Amino acid sequence: MTILFWMIFQVVMIALAAPLFDGIARVLRARLQSRKGPPDFFQTYRDIIKLYKRSRTAPRCAHWFFTYAPFFLYATGAAMLAAMPITYGGLESVGYADIFVLVYLAALLKFVFGVASIDSGNPFAAVGGSREQMIGVFVEPVLIISLLVVMLLAGTSNLVVIQQMVLNGEVGFFMPAYAVASISFLWAMYVESGRNPYDLAEAEQELQEGVLGEYSGSDFGIAQAALILKQFAMIGLFITIFQPWNFGLEHPFLALIVFLVKAGVFYVAAVFIDNFGARYKLLSGFKSNATAALSISVVALVLYIVGV
Amino acid sequence: MAQVYLLFLVGCVVSILLYKKNELAAKVGFSIAAVSSLYGIIYFLSNLGVTSEMNFGNDFLFNPHFVLDPIGNFFSFVICLIAFAASVYAIQYSQEYAKKGSLAVMAMLYNLFIVSMLLVIAAANVFWFMIFWEVMTVVSYFLICFNDSKQSMRATIIYMGIAHLGGAMILTAFLLLAGQSGSLDFASFANVDLSAGMATAIFLLAFIGFGSKAGMFPMHVWLPKAHPAAPSNVSALMSGVMIKVALFGIIKFCLWLPVMEWWGLLIITIGAISALLGILYALTQHDYKALLAYSSVENIGIILLGIGTGVYGMASGSPVLAAVGFLGGMFHILNHATFKGLLFLGAGSVLYTTHTKDMEVLGGLARKMPYTAFAFLVGSMAITALPPLNGFMSEWVTYQALIQGAMGEGVSSRTVFTVSIVALALTGALAVMCFVKVYTVIFGGTPRDEKIWENAREVPVSMIAGMFILVVGCFAFGLGANVVVEQIMSVVTGFTGGSFVSTDGMAVKSPLGSIVSTPFISLILLGSLMLPFVTLIVFKANRDKPRKTDPWACGFKYSSRMQMTASPFTGDLRRLMNWLFKADIHYEDQGYFKPVKYSNHARDIWWDALYAPVINFVSKMSDKIEKMQNGNSNLYTAYILVALFFFLGISHVK
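So the protein lines, in turn, are chains C and P. The first sequence maps to residues 0 to 307 in numbering that gives the first Met the number 0. The second sequence maps to residues 0 to 653 in numbering that gives the first Met the number 0.
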């Protein structure tokens with residue numbers, strides 16, 4: 000039961016802290032674009048609280064799935080975060096912190112997203128839903144090849160064990176396959192965290208967030224918070240597997256703070272790629288970028304296969 | 000064990016005796032089938048580890064001798080489970096066919112179909128195996144014929160053609176094996192001394208023969224034509240369990256023959272290709288039953304990944320790998336039967352009330368038929384392997400098996416295993432897209448055809464009950480995965496000799512030390528579902544009833560034609576994959592005031608590449624041979640004489 004406590008603890012803490020990093024990212028992005036932007040780092044909190052106070056509209060045609068989809072999204076995002084062995088490292092037999100659980104929870108999130116988008120009846124939302132699925136199709140091979148290389152090197156899919164092995168130096172950047180896989184995984188993580196050119200935050204009607212087009216009020220607030228959670232979970236996966244160091248801090252609370260800072264740095268740093276990259280049409284963007292990322296991940300796999 | 004078969008045979012006889020009372024015959028016939036399969040479920044489950052035998056008359060036709068070992072019990076259990084749900088469903092569903100044919104005959108054939116599948120599993124010699132194998136094929140052919148349309152007749156002919164080809168290959172494999180062992184009894188096959196070439200020939204014949212029935216690539220073309228053509232309770236049985244009977248055959252042969260490593264790799268490769276192509280074609284379908292049939296091709300591929308790993312493990316002398324491979328494969332056999340059965344029953348309900356198989360005209364049905372929608376949603380989530388439902392657990396075990404295989408030495412095996420893991424993951428991503436599409440386009444959004452939507456009703460109670468039996472299965476096999484894995488493990492250990500600690504409390508463990516507990520996952524999911532509600536209370540959110548509006552259409556008046564349909568949802572993917580789909584994209588401009596007609600239907604290119612040439616050749620040859628059949632009896636006498644001389648000649652040469 001202690002493990003359950005730590006899981007809830009870390010999810011709640013991250014859920015509380017994540018909007019802060021979103022706020023920082025928004026301020027930074029505005030500065031880079033020579034806009035004024037939000038006055039301070041707390042704008043995302045204010046946005047969500049404001050949304051909570053607003054009244055709601057809902058499309059006539061939708062059924063119960065649409066109504067509860069924001070809650071499902073939030074639950075899945077939170078469940079993905081709970082799978083990160085941040086505060087409970089060393090307890091490998093929980094039966095939860097597994098790479099495949101995480102990958103399929105991400106699929107569950109996509110499923111809820113897709114169903115809610117078409118169910119809303121909104122044409123833009125459904126286009127967004129379709130693109131979200133396409134992004135999944137493009138990212139999945141890169142993501143799974145990178146993870147696969149790590150799993151094969153570590154000999155398990157248990158995240159807790161993998162994290163321990165990396166911390167103890169049994170698996171690490173001295174292995175070429177691992178090092179190359181980290182690059183391609185970084186790409187997959189970047190895409191999954193919903194950034195330009197794969198998602199245009201400003202063109203909310205069309206892309207990833209367009210799926211939420213029909214949500215309003217507190218539903219929309221929950222859905223937005225859920226997306227931030229999911230992005231933190233994807234970054235968290237990278238940190239857990241490739242950068243698990245935490246200055247040897249044993250105490251869960253301190254480990255969580257280190258994690259938050261690391262994840263926050265990644266989250267904010269993504270703004271730089273975000274702002275200076277070109278924009279593409281969805282298919283052509285992926286054709287050029289995904290091929291490169293896929294080839295890097297395949298290199299990692301080949302390095303493993305030939306046993307380097 | 001004889002009681003189970005007898006009960007089904009009673010069902011056959013009773014329903015045909017009630018031939019004059021059509022509706023009663025259906026009710027009684029399908030009820031007997033339901034009761035018999037319930038009895039079968041209990042019987043096979045409680046005797047899972049027991050080997051039982053039965054004999055009918057010692058010298059009658061090659062000694063009708065039937066043996067059920069633990070694998071046989073497992074497959075019989077799966078058959079009875081789906082048969083139970085499908086029979087309960089059929090009690091009221093069959094009324095749909097009251098005008099199309101005799102329900103008494105339908106109920107009789109249905110009972111016969113189930114019993115023939117069970118007897119194929121139990122048969123202990125070549126003769127009876129082949130007899131029931133063919134009975135199974137022929138009866139399923141008749142059952143498809145209840146949907147009497149031009150399309151379904153074409154489908155059945157294709158089905159029969161490929162089934163015969165497969166049957167011939169299986170028979171050849173059996174006879175080659177029997178020739179070496181000197182007996183037609185299965186018991187004599189276990190320790191046959193075979194040369195490598197002979198063993199390979201037998202294996203390939205059996206693999207292709209059974210594979211064609213299982214719908215594996217490239218013999219899959221008949222499956223998406225035949226399965227959707229059948230009445231839905233029969234589709235559920237065909238896609239849910241009949242194709243599994245073929246997999247049973249493959250497993251049997253692999254246990255008899257001295258397996259080689261490359262056989263395992265071949266099975267895995269074919270499995271990976273079937274999985275990927277199956278789901279890609281499923282994505283492009285508009286006919287939801289054909290979509291489900293293509294998705295069966297995909298799932299057969301996933302099962303073959305598990306079985307292939309098992310075969311590889313046996314051949315490479317690693318019993319633990321063999322055990323985990325077969326465990327994954329057989330667990331997925333059970334799970335696929337459950338959710339594919341469920342989805343076909345759900346599709347049947349939609350068809351029952353809307354009378355169309357084209358999903359582009361459906362929509363919004365969840366508000367009209369909430370139970371069916373819920374059942375279909377659970378099936379869709381289970382088949383896309385979303386935790387904590389059952390599909391996830393079996394795919395997880397399969398992943399573990401493949402990873403363990405990929406950790407072995409040898410570049411070729413590592414390549415095959417790793418590539419198939421990637422294929423499996425990609426299949427997962429595509430499956431999400433596919434089932435989001437099929438669920439939401441049918442049940443979500445606004446109705447695309449008001450008239451169909453107005454007439455739609457929730458289906459009768461026995462149909463709902465039939466679906467919910469399998470809904471419970473999807474949850475139970477997922478949440479109770481530890482129990483299921485333990486049971487299957489005992490079966491698998493029996494024939495591979497390998498074993499490992501597969502469970503830990505409520506969790507499932509792999510030999511790699513990975514561990515997953517579905518009850519814990521659902522606990523966390525439920526717990527995190529509480530979180531947003533807590534924030535709603537803490538921040539005193541405004542939860543007044545939402546104002547109902549039309550969806551936002553950028554200021555234009557909303558029309559249901561603006562809504563997403565099935566084909567644009569997969570539009571990007573079609574464009575990306577057009578090198579494979581080779582779709583004829585067709586526009587037709589009908590002037591300014593009428594909508595443009597646009598069609599983009601993917602083609603199964605394997606049909607054109609592999610089957611069309613053969614069919615064309617055969618029909619050309621038959622045209623030539625036709626000249627010999629001129630109806631002149633003198634000529635026929637001459638043929639007979641020629642044939643006689645020919646055989647006399649042969650006997651003299653010897």
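Hint data in this document are derived by calculation from the structure and do not stem from the laboratory. Keep in mind that a hint or two might mislead.
Pairwise CB distance ranges, derived in the manner of DEER restraints [to be verified]:
1. C:Leu166 with P:Ile604: 47 to 55 Å
2. C:Arg53 with P:Pro369: 45 to 53 Å
3. C:Ser287 with P:Leu525: 39 to 47 Å
4. P:Ser45 with C:Val264: 42 to 50 Å
5. C:Leu253 with P:Leu522: 23 to 31 Å
The following residues of chain C were derived to be distant from chain P, with all beta-carbon distances above 12 Å [claimed, not checked]:
6. Ala14
7. Leu27
8. Pro58
9. His62
10. Tyr73
11. Pro140
12. Leu147
13. Thr155
14. Ile182
15. Ala222
16. His250
17. Val260
18. Lys261
19. Tyr303
20. Gly306
Quantities reported herein were computed from a predicted structural model and do not represent experimental measurements. We put the CB at the ideal spot given by N, CA and C, even for glycine.
Results for each hint:
1. C:Leu166 with P:Ile604: 47 to 55 Å: For leucine 166 of chain C and isoleucine 604 of chain P the Cβ distance comes to about 50 Å; the hint holds.
2. C:Arg53 with P:Pro369: 45 to 53 Å: 29 Å, violated
3. C:Ser287 with P:Leu525: 39 to 47 Å: 42 Å, holds
4. P:Ser45 with C:Val264: 42 to 50 Å: 59 Å, violated
5. C:Leu253 with P:Leu522: 23 to 31 Å: 27 Å, holds
6. Ala14: 7 Å, violated
7. Leu27: 26 Å, holds
8. Pro58: Incorrect as stated: the minimum Cβ-Cβ distance to chain P is 4 Å, not above 12 Å.
9. His62: Violated, since 4 Å does not exceed 12 Å.
10. Tyr73: Violated, since 4 Å does not exceed 12 Å.
11. Pro140: 5 Å, violated
12. Leu147: Since the minimum Cβ distance to chain P is about 6 Å, leucine 147 of chain C lies within 12 Å and the statement is violated.
13. Thr155: About 5 Å separates threonine 155 of chain C from the closest Cβ of chain P, which leaves it inside 12 Å; violated.
14. Ile182: Label holds. Min Cβ-Cβ 17 Å, cutoff 12 Å.
15. Ala222: 9 Å, violated
16. His250: Consistent with the label, histidine 250 of chain C stays out of reach of chain P, its closest Cβ about 23 Å off (over 12 Å).
17. Val260: 23 Å, holds
18. Lys261: At about 22 Å from chain P, lysine 261 of chain C clears the 12 Å cut-off, so the statement holds.
19. Tyr303: 8 Å, violated
20. Gly306: It is violated; glycine 306 of chain C is separated from chain P by about 8 Å at its closest Cβ, not greater than 12 Å.
Of the numbered hints stated above, those contradicted by the structure are hints 2, 4, 6, 8, 9, 10, 11, 12, 13, 15, 19 and 20, listed in ascending order.
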